[in-house]
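Visitor: Residue-level listing of the chains:
There are 2 protein chains.
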Amino acid sequence: MIYADYNGSAPLCQDVRDYLIKRLTDGPYANPNAIHHLGSKVLMAMENARSVCAKTLGADFKQVIFNSGATEGISTAFHSVMTETSKKRIIISGIEHSATVNTAKYYADSQGCEVIAIKTKPNGIIDLEDLEAHINDDTAVVSIMAANNETGVIQPYLEISKLCNEKGVPFICDTTQFIGKTLFHFKNCGADYAVMSGHKIGAMTGTGILLAKDPERVKPIIIGGGQERGKRGGTQHYLGYETLAVALNYFEKHLDNIEILNNKRIEFETKLKEKFPEVVILGEDAPRLASTTYVAYPGIHGQAVQIELESKEIFVTTSSACSDNEPVTSKVLKAMGVSDDVGRGVVRISIGLCSDPSMYDTILEALSQTYEKLTKIKSY
Amino acid sequence: MIYADYNGSAPLCQDVRDYLIKRLTDGPYANPNAIHHLGSKVLMAMENARSVCAKTLGADFKQVIFNSGATEGISTAFHSVMTETSKKRIIISGIEHSATVNTAKYYADSQGCEVIAIKTKPNGIIDLEDLEAHINDDTAVVSIMAANNETGVIQPYLEISKLCNEKGVPFICDTTQFIGKTLFHFKNCGADYAVMSGHKIGAMTGTGILLAKDPERVKPIIIGGGQERGKRGGTQHYLGYETLAVALNYFEKHLDNIEILNNKRIEFETKLKEKFPEVVILGEDAPRLASTTYVAYPGIHGQAVQIELESKEIFVTTSSACSDNEPVTSKVLKAMGVSDDVGRGVVRISIGLCSDPSMYDTILEALSQTYEKLTKIKSY
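Chains as they are written, first to last, in this note's numbering: chain B, 1 to 380; chain F, 1 to 380.
To be clear, the hints were calculated from the coordinates, so they are not data collected in a lab. One should not assume that every hint holds.
When the alpha-carbon atoms are kept at most 20 angstroms apart in a straight line, the in silico DMTMM-like pairs for lysine to aspartate or glutamate are as follows [as the list claims (entries may be wrong)]:
#, chain 1, residue 1, chain 2, residue 2
1, F, LYS41, B, GLU310
2, B, LYS41, F, GLU313
3, B, LYS41, F, GLU310
4, B, LYS88, B, GLU47
Calculated from the model, a selection of chain F residues having no Cβ within reach of chain B, i.e. all distances over 12 angstroms [claimed, not checked]:
#, residue
5, LYS55
6, LYS121
7, GLU132
8, ASP138
9, HIS185
10, PRO215
11, GLN227
12, GLY233
13, LYS253
14, GLU269
15, THR270
16, VAL279
17, PRO298
Note that CB positions come from ideal geometry on N, CA and C, so glycine has one too.
So here's chain B without its partners, still in its complex pose:
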């Protein structure tokens, strides 16, 4: 079985699995805010995890706010920014995740904000000039991702950050697909907020981190008993947060895998294109994550490819999990100006840092057979 839907959700990393099974067996369990020794022990383990996460992500300890995941992070970052401004322009891009798109829409609907989606170039990179042209005095926030979930195309987030800092506009950087797949340094990046989800990097489900440049400015959307320094209420998902540290530790120890994975992915794509010159790799010329290939055989439906691969025990998706159920060109691809002929044909192959790079060989063989089979059917 080959699981190639890491961008949708990563399986628990083996280190995390081992850690968690031992942790669940041994305990202790307690409310980390409790006064007794067991509570302190749980708290210390959680704060130690925070420390590891902070170090790995290039953030200060206090800049790490644990939460349930990137979607909560995005909602919290927007809430924090929007409650401290009367400005009305929200700038996003056309390739943002629905967590960002729908949150921006919420402020349009409820507070009369104007949402502008800046242009994306055909290679999948957002148009920096268009961004600069749209930032005006009424701009409340810019929210743009560091890497796209469908194409894996890496965005010029450092330049966006620099631009926003110069213009004094808060920048929310959606790093959900970036963290754990390539190096990220929050403080060097300069964004006001960055977000992540544990389940995308092999940690426990229901975990995440909001990174905040100035944590004092975070306004909680989950209000509670003062947990996370008053920035996120509710008894902490400490068992899960500990696994964030385990997964990020694993990532840091296996950084070399990135290059290996990247080379293997390029080799896979090259061989695939040699066999099938018609094949389109989305964002081919742009810098991409080591482990993502978004590929289409024009005229062959992506869902047919996906099903065929699944019959060979290879699990991929046609686009992101959220838009999966609609057999149409995704909004990301539309923003890139991709035709429906290609757009409906895509499958996303995404593996992880823990994956064996040799699985690209198996995928190549299976995908080749699939394309051969489906083009034959098509030609009948």
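We have chain B already, so just place chain F on it with the hints.
Guide: Just chain F now, kept in the frame of chain B:
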């Protein structure tokens, strides 16, 4: 070791632990919203868990919205109610959890709402007449708990619900300490919203349920890609949600434990009072949860008792986890009109449905020794 801080956080129930270890070992892991078979498998398991939770909690399937816990539930319920009304009065009680108090305060600060905390009787039960007297045409919501986290006193939530329904005022019922400790039937209860946290009933941390009478009226605070029918964004914490079903199943199968536990708790309290007639049991005359005793020896500091018990490997708290760190009379006890002499002396002994009732014997012996020791020191 005796863990007697279940009201703070319950250890993972043994069934949950066994389930989770097997689940983590076997997989599958996938995004429940993904198109492939692994995704469907994860989704089906999650929806099956929702079904079990709905049945156990007396709710319809669609009324069960998974989230990260009760605090998120409270914040979401308030947000849902407050965005559909222009009314300004929020009624809570003096014994509410800080999740409720601080959420009400948020609407006072941000939207000029008036927050009224109705009176509590000395026995720890909220004053129904005072509630009725305060519900007026401008009342946006009533948010009152079903059982108190410190005293374990069961509140007249059915009467509150009836009253609110008659007056057409939305009722948020904080059932965090109620669910999993005694029978609860959401639809029969009649509340508009009820909340729970998995970690209070032996399920995985970071899990919870918002029960909504009319789920269509829920307005998400975590906005995302349409998960939980658009009522709670973010990839679901499916591994955790499955354990909610396991824990609630355990509860349903061990309902008989409640009476056994209740009898043992009453026996414990009776014997303790026989030995130490000075001892005050808070909410003694009120109906209480089977497993909670909030007890004080006037003039002896609760923290001293807690530390002494801890030295005997018995873990209790002085009050709720959130106010633990302040050696003062808790706001719950203040609302009950309890003197500082008693209020500073309390320890909370709370065990769970999975606990061996015989641990009350050990606690009785240890607490007796503790009181004897500390009264001696006091008399020097």
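Visitor: Taking the hints in turn, state whether each one holds.
Guide: Now the hints, each set against the structure:
1. Between LYS41/F and GLU310/B the CA atoms are separated by roughly 14 angstroms; this keeps the pair inside 20 angstroms, and the hint holds.
2. Simply put, LYS41/B and GLU313/F have alpha-carbon atoms about 14 angstroms apart, close enough for the 20 angstroms limit, and the pair holds.
3. Between LYS41/B and GLU310/F, the direct Cα distance comes to roughly 14 angstroms. Compliance with the 20 angstroms bound is thereby established for this hinted pair.
4. Straight-line distance between C-alpha atoms of LYS88/B and GLU47/B comes to about 37 angstroms, which puts the hinted pair past the 20 angstroms bound.
5. Here LYS55/F stays apart from chain B, with its beta-carbon at least about 23 angstroms from theirs, past the 12 angstroms limit.
6. Listed as outside the interface, LYS121/F is consistent with that label: its C-beta sits roughly 25 angstroms from the nearest C-beta of chain B, beyond the 12 angstroms cut-off.
7. Remark: the non-interface label on GLU132/F is consistent with the geometry, its nearest Cβ contact in chain B lying 28 angstroms away (cut-off 12 angstroms).
8. Here ASP138/F stays apart from chain B, with its beta-carbon at least about 22 angstroms from theirs, past the 12 angstroms limit.
9. Every CB of chain B is more than 12 angstroms from the CB of HIS185/F (nearest about 25 angstroms), matching its label as outside the interface.
10. Even its closest Cβ contact with chain B, about 18 angstroms, leaves PRO215/F beyond 12 angstroms, as expected for a residue assigned away from the interface.
11. Listed as a non-interface residue, GLN227/F fails to keep its Cβ farther than 12 angstroms from every Cβ of chain B; the least gap is roughly 8 angstroms.
12. A beta-carbon of chain B comes within 12 angstroms of the beta-carbon of GLY233/F; the shortest separation is about 4 angstroms.
13. Distance check on LYS253/F: its Cβ is at least 21 angstroms (rounded) from any Cβ of chain B, clearing the 12 angstroms threshold; non-interface status holds.
14. A cut-off of 12 angstroms between C-beta atoms confirms that GLU269/F is not in contact with chain B; the least separation is 22 angstroms.
15. The non-interface label for THR270/F is consistent with chain B: the shortest C-beta to C-beta separation is roughly 26 angstroms, beyond 12 angstroms.
16. Every CB of chain B lies more than 12 angstroms from the CB of VAL279/F, the least distance being 21 angstroms, so the non-interface label holds.
17. No Cβ of chain B comes within 12 angstroms of the Cβ of PRO298/F; the nearest lies about 21 angstroms off, and the non-interface call holds.
Hint violations for this structure: numbers 4, 11 and 12, all remaining hints satisfied.
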